[in-house]
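In case you want the letters, here they are:
There are 2 protein chains.
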Amino acid sequence: MTSVGTDATEILRAEVLTIGDEILRGEIVDSNKALMSERLHDVEIETRFQTSVLDHPEEMADAFRRAASRADVVLVSGGLGPTRDDLTTEVLAQTFGRELVLDDASLETIRTFFSQLGRNMSENNAKQAYFPAQAEVLLNPVGTAPGFMLDVDLGAEEGGECVFFAMPGVPRELKLMLDEQVLPRLLARAANKGRAQKPRAMRARLLRTFGLGESTLDAELKQIATEEGVELGFRTAFPDNYLRPVVRCASATEADAKLEAVCGEIRDLLGAVVYGEGDETMASVAGQLLAQHGATIATAESCTGGLLAEQITQVAGASEYFAGGVISYSNEIKQSQLGVPEVLLVEHGAVSEPVAVAMAEGVRERFGTDFGVSTTGISGPGGGTETKPVGLVCIALARRGMPTHVDNFVFPLDRVRHRTLTVQVALDWVRRSLLGVELVSPSLLRRRGGVAPPGSGSTS
Amino acid sequence: MTSVGTDATEILRAEVLTIGDEILRGEIVDSNKALMSERLHDVEIETRFQTSVLDHPEEMADAFRRAASRADVVLVSGGLGPTRDDLTTEVLAQTFGRELVLDDASLETIRTFFSQLGRNMSENNAKQAYFPAQAEVLLNPVGTAPGFMLDVDLGAEEGGECVFFAMPGVPRELKLMLDEQVLPRLLARAANKGRAQKPRAMRARLLRTFGLGESTLDAELKQIATEEGVELGFRTAFPDNYLRPVVRCASATEADAKLEAVCGEIRDLLGAVVYGEGDETMASVAGQLLAQHGATIATAESCTGGLLAEQITQVAGASEYFAGGVISYSNEIKQSQLGVPEVLLVEHGAVSEPVAVAMAEGVRERFGTDFGVSTTGISGPGGGTETKPVGLVCIALARRGMPTHVDNFVFPLDRVRHRTLTVQVALDWVRRSLLGVELVSPSLLRRRGGVAPPGSGSTS
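Chains V and U are the protein sequences, given in the same order.
Residue 314 in my numbering sits at position 314 of the first sequence, with consecutive numbering throughout.
Residue 277 in my numbering sits at position 277 of the second sequence, with consecutive numbering throughout.
Note that these hints are calculated values from the structure, not bench results.
Treat the hints with caution; some may be incorrect.
The list cannot tell twin chains apart, which means a pair is met if one copy fits it or any two copies do.
[Unchecked claim] Computed list of lysine to aspartate or glutamate pairs in EDC-like fashion (alpha-carbon distance at most 20 Å, straight line):
| hint | residue 1 | residue 2 |
| --- | --- | --- |
| 1 | K258 | E58 |
| 2 | K388 | E228 |
| 3 | K127 | E46 |
| 4 | K258 | E180 |
| 5 | K175 | D256 |
| 6 | K127 | D256 |
| 7 | K222 | E58 |
| 8 | K222 | E99 |
| 9 | K222 | D85 |
| 10 | K388 | D256 |
| 11 | K127 | E220 |
| 12 | K127 | D218 |
| 13 | K222 | E123 |
Note that this is a predicted model, so its numbers are computed, not measured.
Based on the sequences and whatever the hints tell you, model everything.
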């Protein structure tokens, strides 16, 4: 979430409009609206209205007209697909009295897209190469539906000029088009107008934290949140908490320096709790450290069932440091594939610190790596006992030439969140071990207010 | 999504309206809209519009008026809190010309709520005990802000009668009030009116398909989409395509039977391409079949890096059929942990059909399972060569007592989607093998139009 600085713009009014029956049936939580509003906010355009309508021509037309009358910028997502119920292009053209015109370049792009997949382009897909007259096509490098920009002028009495950006509803395509096609155009327009009443520059950054609750973060960062020209946003994204410092200054240079200073202060106050920035993940940060140290790692998973390895290998280039892993879901596999002694399983049970240690050391030795990390726990919903409740998990980290670290936690969470949090702690241990700082323990979590609780006010 | 049958109601039009600056700044993904629409859909009330506005009195008033003019039911969330910027009650009262009236019972409830927390009630909180005249208070057992129901009548010309339900924006409080206070009142009203001018019942179901593109599905199901009283929705959720048949009939019994018949027709037309319904996943469906057959499985993953096992173990109870797996990211691990002969790696390379076969058979034998499934490929972004491009993947399925099946695909997708699609094909093979139908092959994908392309317009 880098912010695009705009030195000299007045504040524009925007409407965000999403289209699709599935939204109005409540089948999906429509995150596109938040995405578009957030990006607009980053470039100091204020979303005044968010609207969603069905794939119905009259209601779409009504929404388009109304948006044009009350907003300067209208971002539309959805309804650009190849099927019968995708009507955005057609209805926008009709509403503002434009013909539909074939764009040869787009047709060629779509044709190529399909031929690369080894498939024929259907007639439906050809429909996606038609646009309202005078529209400017917006490229979609990751899908078949191009978007477009359309200027409309309703005349001063009806609300004046307005620009529409029609984009696909697939979040990933939308995001790319928004960042690469739409925002640059909006900024260029703002710059061209140059009506600078109150020159301001804004800069923002996303800091990712793990290990402290939202209210603890709030308390520890009080001095920063009250600085002039600084806003500090908090957002829970289980199991992390995100911080978003936003600074506003008279010039871009000033804002850059100010943001740098604020982020430095935050890191000083929170130490290793801040693990990354922007798009970094715990796995990518731990992976970078492994690569820097020329170290390798292997995983031995029981309750996380492959998620730990999956997160590690989501990072391109992970083969540099990741040798592989074993998912030992059954006790037999723990013995045969990881060399866990049967006596440990019998005496302590599969979910126990001794077994976690044997798994981590076993995989490290068998795979010949510097690190071995293991998880064994009860993610639920079933499988708990009186002494070993659902939510119990043991994590172990074996490191060449060092004593193996092991601890147990009880995370009273549903299956998905239990696995997610377990993996995050395990990866955080790898990161902290390489940084030479204290590993997160249950007591540390308790003392400091814990990880982001599963839902703490923010909607996600 | 079970639907509460109402035999004799006309379909009511609803608007869902959420209020709050944080929504329009894109700071939160507003899941309240989806929650309200889903609940309305369950009781056969159709959400026609979703709108969000800032905490600004004029814009709120405008939104209220507009909603009253175009909807029969308006669900409002947000703006009921104790602070200055919580304006819903006040603005609703003003908009429809009502006084604010103190409700003594609510004041007492709020006072008690605070004294139980050992705190004093502030004057701000007392504000929450005022409601528009003639409103009916809705209890909030988990928070301080009660909600209310308000009937308004704009006269036939302006849109007639309409009922507002004002609820808190905190998701947990909203959900409880919706389920316990709002929906029962809506159902009771529907029953009381009983004016059945045009008695209709609606039924819908989500069918999950894999292996055909959206436009191919559209073409193959043309006869169903054009049946009277039947709507057929399409939605891409990579790598799947979802179908959502919706039927409307005179009675619930008729609608149930009609939906059953339509789903039967779809399954007849598409065969094994329909793999599940509702919340089922490819992993849960394959898992069910494994359990039914008393069969077990193990995984050997290279390019999917643990994702295959992770999907299998996301299903609670997977330990019944899943023994475990190996993630063999390096060639050494392929040899040492899966027994892949070095000569195969040297002669054919790690991404080759012979190696995929050796991995699948190796893991099946070493883990002593009925099935062994393997993936080896180049998910990118790097690692491609002229003969083995980025996107190439080999998948093998070994089954006790049967010849091992192997094939290779080229999926020209980014890393994440490459892995997702590979896992889906692998799990689909397990499912198809247990069903005794043809396994999806590259030629089959091509012949039939392929999997859902990476984005084709629909929101997901």
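Hints, one by one, checked against the model:
In this homomeric assembly, K258 and E58 never come within 20 Å of each other (Cα to Cα): the closest approach is 47 Å inside a single copy and 29 Å across copies. For the identical chains of this complex, K388 and E228 are neighbours neither inside a copy (50 Å) nor across copies (57 Å), given an alpha-carbon limit of 20 Å. Neither within a single protomer nor between protomers do K127 and E46 lie at most 20 Å apart by alpha-carbon distance, with minima of 33 Å and 30 Å respectively. Neither within a single protomer nor between protomers do K258 and E180 lie at most 20 Å apart by alpha-carbon distance, with minima of 26 Å and 47 Å respectively.
Neither within a single protomer nor between protomers do K175 and D256 lie at most 20 Å apart by alpha-carbon distance, with minima of 24 Å and 40 Å respectively. Proximity of K127 to D256 under the C-alpha cut-off of 20 Å is found in neither arrangement, the shortest distances being 45 Å within a copy and 36 Å between copies. Taking identical chains as interchangeable, the C-alpha atoms of K222 and E58 are never at most 20 Å apart, the minima being 47 Å within one chain and 24 Å between chains. Taking the closest pair of Cα atoms, K222 and E99 never come within 20 Å of each other, the shortest separation being 55 Å inside a single copy and 28 Å across copies.
Taking the shortest alpha-carbon separations for K222 and D85, only the inter-copy value of 13 Å comes in at or below 20 Å, while the best intra-copy value is 50 Å. Taking the shortest alpha-carbon separations for K388 and D256, neither the intra-copy value of 51 Å nor the inter-copy value of 45 Å comes in at or below 20 Å. Taking identical chains as interchangeable, the C-alpha atoms of K127 and E220 lie at most 20 Å apart only when they sit on different chains, with a minimum of 18 Å there against 55 Å within one chain. Proximity of K127 and D218 under a CA criterion of 20 Å is satisfied inter-copy only: 14 Å between copies versus 51 Å inside one chain copy.
Proximity of K222 to E123 under the C-alpha cut-off of 20 Å is restricted to the inter-copy arrangement: shortest distance 14 Å between copies versus 59 Å within a copy.
This entry does not satisfy hints 1, 2, 3, 4, 5, 6, 7, 8 and 10, going by the numbered hints stated previously.
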